[in-house]
Amino acid sequence: MAKGFFTDTTLCIGCKACEVACKQWNQLPADSYRLSGMSYDNTVALGATTWRHVAFIEQFDGDGRYLGTDEMGDDWGEARGDVGAGAKAGASAIGERMARGPAGATDVVDDVTGGFLGANRWLMMSDVCKHCTNAGCLEACPTGAIIRNEFGDVYVQPDICNGCGYCVWACPFGVISINEDDGRAWKCTLCYDRQRDGLVPACAKACPTQSIQFGEVEELRQRAAERVGALHARGITSAYLYGADEHTSVGNLNAFFLLADEPQVYNLPEKPHVPQAQVIPAYVATVLTGIVLGVATLLSLGRGRERR
Amino acid sequence: MTEEYDRPPTEILLPALRNGQLERVEERAEAAPRTYYNVPTIKRPPWRWFIPAYLFLGGIASGVAFIGALAELFGGRRHRSTVRDARYLAVVLAAICPILLLLDLGRPRRFHHMLRVVKLSSPLNLGTWILTTFGVLSGAQAARQAAEDNFILKRRSWLGRVATLLPSGPITVLHGLFGMALGGYTGTLLAATVVPLWASAGVLLGPLFLAASATSGAAALVLVGVLSGRQRREARGEIQVVANVASAVQFGLAAAHEVFTPERVSRPLRRGLWGWLFRFGAVGSGLFVPGALRWVAWMSGPKTERRLSTLASVLTLLGTLAERIAIVEAGKRSADDPIAYQLMTRAQPGEARPTPAQQGARAPQRAGHAAGIAARDTVKIGGQSGSS
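Residue numbers (my numbering), protein chains in the order written: chain A, 1 to 308; chain B, 1 to 388.
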């Protein structure tokens, strides 16, 4: 069975040990010393030399109000009626008490905090290649450099890749990219070499909070479902699994996630599509147009023969 | 990014036809955008200028080949110069195109790795095969023509004899078919990506590119015909009709693309530099003006006819080039816009994943998770043999 990652974002503390371990084991060069200026996340995104990326989502504002889904009023927030809604109620309660003056503000702190995943929260997620069941990059690769290996993971063979780059914009998650220095496409190998030697991938090994778990995908999925149940039982009802048992054209993800907010907050698509679903309809439409144009050309050129 | 888009010189002149339902989704997303610090969700295509150049020249080769093939099979004697021009043009363009593609590779020396597999799911792989076959067929056609003309290739040389002995009919048919395939696959190649501008209403891109190929091929044949002075006016008139029909198809498809694409997604193709280039360069001066010129040319005397035909052809070719550049560059822009990608990947009703509440209810309510998490480092790994 396929091997993969279960990344439980509710356990992530944003230490970036996975990023460092990945860079070290895979001998990936440093990207730069630039500061992104947007958050503690200076890695910003996955890339050719960054195969793990820790996202930092800061849901705070100066007044301690939660900046969440409840303000959107869409189906997600309504379906949950949970953390966001509670926080909003808390925030408005704070506002009322503030308006009443210092006497009313004594118990504000209890309302605001509401636990780590409560009102003012700081979400972190260690992002990685999802090793999709129907991988856009693998389908797109014109050289056959991208394969599914014996561990069920998507692997780029560096000795075959000729750097055409077509996989880069066939990836629904923006994972794979071209290394400008050597002209080839690179992404997470799920530590193919370590797996061959029976070792746990570097990032999972380094993770100090067990946010990144490695193993048989089936077993991980079971474990993840239990974790969702436990979180819901503890009142964190926004927790859900992304990329497990879903009906999307990319299929199940061999690296799936437990998230606590909408996917787009983590820069993940709500419902990823494998781009090759377009291929056959597009070919058919093109052939039909070809027939129309061919007949039109024939009619206009063929008149010559009759009048000859 | 948004400031650039918010300069809409074209917005007042050509207000976009709106699709009501998509607009509502769009407004909802734009009212409360939730993105990760506006970081693009997908990677932008890093294509250099080689690719729009290839799309342009490959498109001309495609149109020239299939118009040439049809002229050879059904056009009769009056199209002999059309056939000759088509054969020579096709081989020249078929020689340039692979070089352009090769230069855009990260590892150009490994270009032949494209030919180690046949993979129908990858339009790029299929396109490589199409281009290769097209090149061989163009070579055969041009060799026959050269031998017939006693030009470069001596008719009595062994190569010239081989060229004239090859079966003419089947090669012509195949050349035309592969020419069409060459014009159409590029649109599918763009559509089968995650770039919002190309992927939404992506079904229309292949037909659009094919129609653009036919238009530019016809224009190239007219231009070469006028310049060489061998083309008969009746033959030219017939090719002009092809150009006009293909232009009309092209306009219809471009309009349909605009109607069926959400405004946010196609914004880079509606506003700003590329929007301007597309509307006025590709559609205005590339489709409408040359169409009118061809019509006037048809009515006028021989000298004016040649001049107007030349002008119309040049404008059509420039318009096609503008169209290729605008679509590629606007696609890059749309890839940078996380909201556009969110619109494209928004779950439709009934498609959404189980809500957190449903997932929580479904999950077994036992405390086994703690043991499961602690078991991480004791997970048995498949070992050398692996298991799949």
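Hints are supplied without guarantee of correctness; some may be wrong.
Stated by the list, open to error - As a list, the in silico DSBU-like pairs of lysine-lysine whose alpha-carbon atoms are at most 35 Å apart: (1) 303/B <-> 119/B; (2) 271/A <-> 205/A; (3) 119/B <-> 271/A; (4) 271/A <-> 23/A; (5) 205/A <-> 23/A; (6) 154/B <-> 271/A; (7) 119/B <-> 23/A; (8) 332/B <-> 23/A.
If you're looking for bench data, these hints aren't it; they were derived computationally from the structure. Predicted, not measured: the structure shown is a model, and the values here were computed from it.
We went through each hint and held it up to the structure:
For the hint pairing residue 303/B with residue 119/B, the CA-to-CA distance comes to about 51 Å; that exceeds 35 Å, so the pair is violated. Distance hint between residue 271/A and residue 205/A is fulfilled; the C-alpha atoms sit about 30 Å from each other, no more than 35 Å. Our distance criterion of 35 Å between C-alpha atoms is met by residue 119/B and residue 271/A, whose separation comes to about 26 Å. For the suggested pair residue 271/A and residue 23/A, the alpha carbons sit about 30 Å apart, so the restraint of at most 35 Å is met.
The straight-line distance between the Cα atoms of residue 205/A and residue 23/A is roughly 13 Å, inside the 35 Å bound, and the hint therefore holds. At roughly 62 Å between alpha-carbon atoms, residue 154/B and residue 271/A are farther apart than 35 Å, so this suggested pair is violated. With a C-alpha separation of about 33 Å, the suggested pairing of residue 119/B with residue 23/A holds against the 35 Å cut-off. For the hint linking residue 332/B to residue 23/A, the alpha-carbon distance of about 29 Å falls within 35 Å, and the restraint holds.
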